[in-house]
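Student: Starting from the known structure of chain A, fit chain B with the ligands onto it as the hints suggest.
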Amino acid sequence: MFFHIYKYRLKALFYQKEEFFWNLIFPLILATCFFAAFSKITESTEGFSTIPVAVVLEETDGEKYFTEMMDALSESKDGEEAFFAVNYVAKEEAEALLEDKEVAGMIVLKEAKPSLIILENGMEQTMIKAVMDKYLQTMDVITGMIPAHLDKLEQVMEAVSDEASYIREQKLTDGNIDNIIDYFFALIAMTCLMGTSTGQVCITYIKANLSAIGLRKSISSAKRMTMILGDMAATYSLSALSNAALLIYLKYILKLNMGGSFLEIYAVTLVGSLIGISIGILIGSLPGVGEGAKMGINLCITLFSSFLSGLMMGGIKYLIEEYCPIINRINPASLISDALHSLNIYDDYAKYAQCMVIMVVMSAVLLTAGIVIARRETYDNI
Amino acid sequence: MSESVIVVENLVKRYKELIALDHFNLDIKKGEIFGLLGPNGSGKTTTINCILALLKFDKGSISVFGEEMKPDSYELKSKIGVVMQNVAVFDELTVYENIDYFCGLYISDKKLRKQYVEEAIEFVDLGEFKKFYPKKLSGGLLRRLNIACGIVHKPELIFMDEPTVAVDPQSRNKILEGIVELNKMGATIIYTSHYMEEVEQICTRIAIMDKGKNLAIGTTDELKKMIKRNETISIEVLEIAENIISLIKELPHVYEVTYEEKMLKVLYSGGKHNLIRILDLLKNEGVSFGRVYSERPTLNDVFLEITGKELRD
Ligand SMILES: Nc1ncnc2c1ncn2[C@@H]1O[C@H](COP(=O)(O)OP(=O)(O)O)[C@@H](O)[C@H]1O
Ligand SMILES: [Mg+2]
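Protein chains in written order, with the working numbering: chain A, 1 to 382; chain B, 1 to 313.
So that you can see chain A by itself, here it is in the shape it has in the complex (with noise of 0.2 Å):
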């Protein structure tokens, strides 16, 4: 049964031009935009350049090996340019340099922990983020280990600068550390969420109130679930493909380095569009709203969604992260970009792997919803 009512609805799917249009070529169509667009700006933003940062010192006690670590990543070395250029200042007058753009963050010392202030994502940020995170790291291993040892000192300096001359290294060669590469997630997560629409398809064919064909559904003899899975897996097929359409275009012929292997950035997308169809299966089960508004929310969402994960406006996710991280934890969107971005930047898997595991548990609780409002309703009019 189940079956019967995949290929049907698959071969429904194909025969739909417009849709198949939208899933598949749509995607291609943008990624080609950008590409054009951004190409431009790579060129002339290419190089490495010393990073403006702002340092508020707290507390007096515990910033030495802070200070000397910044300080000697502040010296150019063998002509190179500096990684960066501090300024220790007060802490209202670094928020004032970060407000006017004059430093890319602000990292404020407090108890011997420097913690990052930040207003936009990009580049830069990034890459304070990442020697910030390996001072931490190492000091945490070196303390850990040798409570009262003299040369911790030079180990920390030592991995600070190695990770330093790293990122500078990437960023010359492999433009890896490329905040161009959020607007192609913004893209995938985009494709991914456009499953909100199709979900609510599925929906729309079962219900008796919604359309002749789910009223005869509705009567006959199959279980309501039943149709909605098997139309449902129809759907995802096609996700799939475009997903997958998507993402060699984007890797082998406008040969984007997105880190990661096409199976792992695959897997992201598969689960993305799962919670997208989820979504969409649960908004358009919802009882007394009708197809135009549950269009809108389902266009509102996907927005909504990428909007707070920084994927129209950098740094908002940061912004979450620090007032109410919760939200970063279970935004769709944040979730599709926060994986693909454990892959690309960080090579974090344990991230990877926690991103993609809320995004399963969230699609099946939201598949259940929706699945156990349209099971047995009946209606009030029709």
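Treat the hints with care, as some may be off.
[Said to hold, decoys possible] Pairwise CB distance ranges (calculated):
(1) A:K17 / B:T204: 19 to 27 Å
(2) A:G296 / B:D91: 54 to 62 Å
(3) B:S108 / A:L241: 22 to 30 Å
(4) B:D125 / A:G292: 34 to 42 Å
(5) A:L303 / B:S108: 38 to 46 Å
(6) A:Q354 / B:D109: 44 to 52 Å
(7) B:D91 / A:L303: 29 to 37 Å
(8) A:L241 / B:K70: 52 to 60 Å
(9) B:D109 / A:K251: 56 to 64 Å
(10) A:S49 / B:D91: 54 to 62 Å
(11) B:K70 / A:V361: 28 to 36 Å
(12) B:R296 / A:G292: 50 to 58 Å
(13) B:R296 / A:G296: 58 to 66 Å
[Stated by the list, open to error] Interface residues of chain A toward chain B, partial, derived using beta-carbon atoms under 10 Å:
(14) M1
(15) Y8
(16) L13
(17) Q16
(18) L109
(19) K110
(20) E111
(21) K113
(22) A212
(23) R216
(24) I219
(25) S221
(26) A222
(27) R329
(28) Y379
(29) I382
Treat the hints as calculated values from the structure; they're not laboratory data.
This structure is a prediction, so every number in the text was calculated from the model and none was measured.
Glycine is no exception: its CB is placed at the ideal position from the N, C-alpha and C atoms.
Tutor: Frame of chain A; chain B with the ligands shown alone:
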């Protein structure tokens, strides 16, 4: 009498302010072709949707094959076929695929399904059009496809909601013949229409409804007996004197006589030899007359007498 297939008692259904069904009652027996006759908006479709547990209703009870119907009464649903008022087929699938799709929602066995689909195609005579997409079919053919999709799984109980609306006469006759054939093969059929001729032609029993109320139930003859008028005789007369009209009024069974635009119209409430009697009287009185018509009442007359308005809008 044989067992009841559908029993509806005191059904009340409101759409917000509007009362669509007002203490509606029905008792449909196995083997009937039961007609629901009523003008547009009288509540026929609403009745069917309530019986099928698609619509919530406000009051009353409904049982189908002796059970309460619920959205997940899958066993019950497998015995029911529905041909809806609106054509419900996939534009993206061919005639064959559409029928196969809906058959597959009931029947998993592939071989049996193939057989059923072929039989349904033959039944609605769409053999030549198997590979056609619905967009390429004329209105009548589309209706026939719609019917095939609803009955392909050989249900015991079939609902047909105005299956002949907007259909050419040829397709219409085919559809009506088909319904009778389905019934002969053992299906109980509930047929709704606002065309009285159709209902009169095929239905074994009829309920006349208006404004959500069941006004009368019975066979065509029973319904016609319910009303006073039994025969109408119309005679073309150029001239007639008042006193002769009075004489006609004295004839047995006559209850109303009118003379308008050179047409004498005499309404009878019964009797057998009305025509001979009146023509004798006219001859004896020396009244010359032209054409003569004798009409038995139609369901329209029944409707007219019960509701005070024409069935046709
Ligand atoms: N979904 C609905 N919302 C509000 N009123 C409705 C709805 N469907 C039908 N009605 C009203 O209920 C009455 C009965 O309609 P319906 O059952 O479709 O009649 P029929 O099938 O006999 O033409 C009509 O007055 C119609 O306007
Ligand atoms: Mg109707």
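Student: If a hint holds in the structure, say so; if it does not, say that too.
Tutor: Quick rundown of the hints versus the structure:
no., hint, result
1, A:K17 / B:T204: 19 to 27 Å, "violated, 48 Å"
2, A:G296 / B:D91: 54 to 62 Å, "violated, 25 Å"
3, B:S108 / A:L241: 22 to 30 Å, "holds, 28 Å"
4, B:D125 / A:G292: 34 to 42 Å, "holds, 40 Å"
5, A:L303 / B:S108: 38 to 46 Å, "holds, 43 Å"
6, A:Q354 / B:D109: 44 to 52 Å, "holds, 46 Å"
7, B:D91 / A:L303: 29 to 37 Å, "holds, 31 Å"
8, A:L241 / B:K70: 52 to 60 Å, "violated, 39 Å"
9, B:D109 / A:K251: 56 to 64 Å, "violated, 46 Å"
10, A:S49 / B:D91: 54 to 62 Å, "holds, 59 Å"
11, B:K70 / A:V361: 28 to 36 Å, "holds, 32 Å"
12, B:R296 / A:G292: 50 to 58 Å, "holds, 53 Å"
13, B:R296 / A:G296: 58 to 66 Å, "holds, 59 Å"
14, M1, "holds, 6 Å"
15, Y8, "holds, 5 Å"
16, L13, "holds, 8 Å"
17, Q16, "holds, 6 Å"
18, L109, "violated, 64 Å"
19, K110, "violated, 60 Å"
20, E111, "violated, 61 Å"
21, K113, "violated, 58 Å"
22, A212, "holds, 4 Å"
23, R216, "holds, 4 Å"
24, I219, "holds, 5 Å"
25, S221, "holds, 4 Å"
26, A222, "holds, 4 Å"
27, R329, "violated, 36 Å"
28, Y379, "holds, 6 Å"
29, I382, "holds, 6 Å"
Checked against the numbered hints above, the structure breaks hints 1, 2, 8, 9, 18, 19, 20, 21 and 27 and satisfies the rest.
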